[in-house]
Amino acid sequence: MKIDLSTLEPKKNIIIKGAQVHNLKNLDVAIPRNKLVVITGLSGSGKSSLAFDTLYAEGQRRYVESLSSYARQFLGRLDKPKVEYIKGIAPAIAIEQKVNTTNARST
Numbered sequence: 114m115k116i117d118l119s120t121l122e123p124k125k126n127i128i129i130k131g132a133q134v135h136n137l138k139n140l141d142v143a144i145p146r147n148k149l150v151v152i153t154g155l156s157g158s159g160k161s162s163l164a165f166d167t168l169y170a171e172g173q174r175r176y177v178e179s180l181s182s183y184a185r186q187f188l189g190r191l192d193k194p195k196v197e198y199i200k201g202i203a204p205a206i207a208i209e210q211k212v213n214t215t216n217a218r219s220t
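All residue numbers for the sequence shown refer to my numbering, where the first residue is 114 and numbers rise by one.
Note that these hints are calculated values from the structure, not bench results. A virtual CB, placed ideally from N, CA and C, is assigned to each residue, including glycine. There's no promise every hint is true.
To be verified - Subject to a maximum C-alpha distance of 27 Å in a straight line, what follows is the list of computed DSSO-like cross-link-like pairs (lysine-lysine): (1) K130 <-> K193; (2) K115 <-> K160; (3) K148 <-> K115; (4) K125 <-> K195; (5) K148 <-> K160; (6) K148 <-> K130; (7) K130 <-> K160; (8) K200 <-> K148; (9) K115 <-> K200; (10) K195 <-> K138; (11) K115 <-> K138; (12) K115 <-> K195; (13) K148 <-> K193; (14) K125 <-> K160; (15) K138 <-> K148; (16) K193 <-> K160; (17) K200 <-> K138; (18) K124 <-> K195.
To be verified - Label-pair ranges, simulated between beta-carbon atoms: (19) Y198 <-> V150: 15 to 23 Å; (20) K115 <-> S158: 30 to 38 Å; (21) D141 <-> L180: 26 to 34 Å; (22) N139 <-> Q186: 33 to 41 Å; (23) T153 <-> L121: 16 to 24 Å; (24) T120 <-> F165: 27 to 35 Å; (25) A164 <-> I116: 32 to 40 Å.
Can you make the complete structure from the sequences, with help from the hints?
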């Protein structure tokens, strides 16, 4: 299903255009805000790249930008994800991924 991203409201959606992080090749996606969203797909399809390396990284980067320069000096530098643009994303304060299994295929 093809949707024109320019018609979507950033207040209701997180809009990502041209994501090229790891396995993502020019991905355009709109994710509804304030809803439970599950990212599924085959192994190696870029689920973690979208969730952690794109969405979380940009949210964390925006949060750190909002801090004073004094506070930023104690935090590591975060690179901007390789995307054309991301609209409608709120600053991310904390997220943690714990691995409960030792399966090599688990992400």
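How the hints compare with the structure:
Between K130 and K193 the CA atoms are separated by roughly 14 Å; this keeps the pair inside 27 Å, and the hint holds. Between K115 and K160, the direct Cα distance comes to roughly 20 Å. Compliance with the 27 Å bound is thereby established for this hinted pair. Restraint check for K148 and K115: the C-alpha separation of about 21 Å stays at or below 27 Å, so the hint holds. About 23 Å separates the Cα atoms of K125 and K195, which keeps this hinted pair within 27 Å; it holds.
Simply put, K148 and K160 have alpha-carbon atoms about 18 Å apart, close enough for the 27 Å limit, and the pair holds. A distance of roughly 20 Å separates the Cα atoms of K148 and K130; the hinted pair therefore holds under the 27 Å criterion. Of the supplied pair hints, the one linking K130 and K160 holds, its CA atoms being roughly 16 Å apart against a limit of 27 Å. Restraint check for K200 and K148: satisfied, since their Cα atoms lie roughly 17 Å apart, inside the 27 Å limit.
For the hint linking K115 to K200, the alpha-carbon distance of about 18 Å falls within 27 Å, and the restraint holds. At most 27 Å may separate the alpha-carbon atoms for a hinted pair to count; K195 and K138 meet this at roughly 10 Å. A distance of roughly 16 Å separates the Cα atoms of K115 and K138; the hinted pair therefore holds under the 27 Å criterion. About 22 Å separates the Cα atoms of K115 and K195, which keeps this hinted pair within 27 Å; it holds.
With a C-alpha separation of about 25 Å, the suggested pairing of K148 with K193 holds against the 27 Å cut-off. For the hint linking K125 to K160, the alpha-carbon distance of about 22 Å falls within 27 Å, and the restraint holds. Simply put, K138 and K148 have alpha-carbon atoms about 26 Å apart, close enough for the 27 Å limit, and the pair holds. Simply put, K193 and K160 have alpha-carbon atoms about 18 Å apart, close enough for the 27 Å limit, and the pair holds.
Distance check on the hinted pair: K200 and K138 sit about 19 Å apart at the alpha-carbon level, within 27 Å; holds. A distance of roughly 22 Å separates the Cα atoms of K124 and K195; the hinted pair therefore holds under the 27 Å criterion. Checking the proposed 15 to 23 Å range against Y198 and V150 shows it holds: the Cβ atoms sit about 19 Å from each other. Distance hint check for K115 and S158: the Cβ-Cβ separation is about 19 Å, which falls outside the suggested range of 30 to 38 Å.
The supplied range of 26 to 34 Å is met by D141 and L180, whose beta-carbon atoms lie about 31 Å from each other. As the Cβ distance of N139 to Q186 is approximately 35 Å, the hint placing it in 33 to 41 Å holds. Between T153 and L121 the Cβ separation comes to about 21 Å, which falls inside the hinted range of 16 to 24 Å. Roughly 28 Å separates the CB atoms of T120 and F165, a value that falls within the hinted 27 to 35 Å.
At about 20 Å, the beta-carbon gap between A164 and I116 misses the expected band of 32 to 40 Å.
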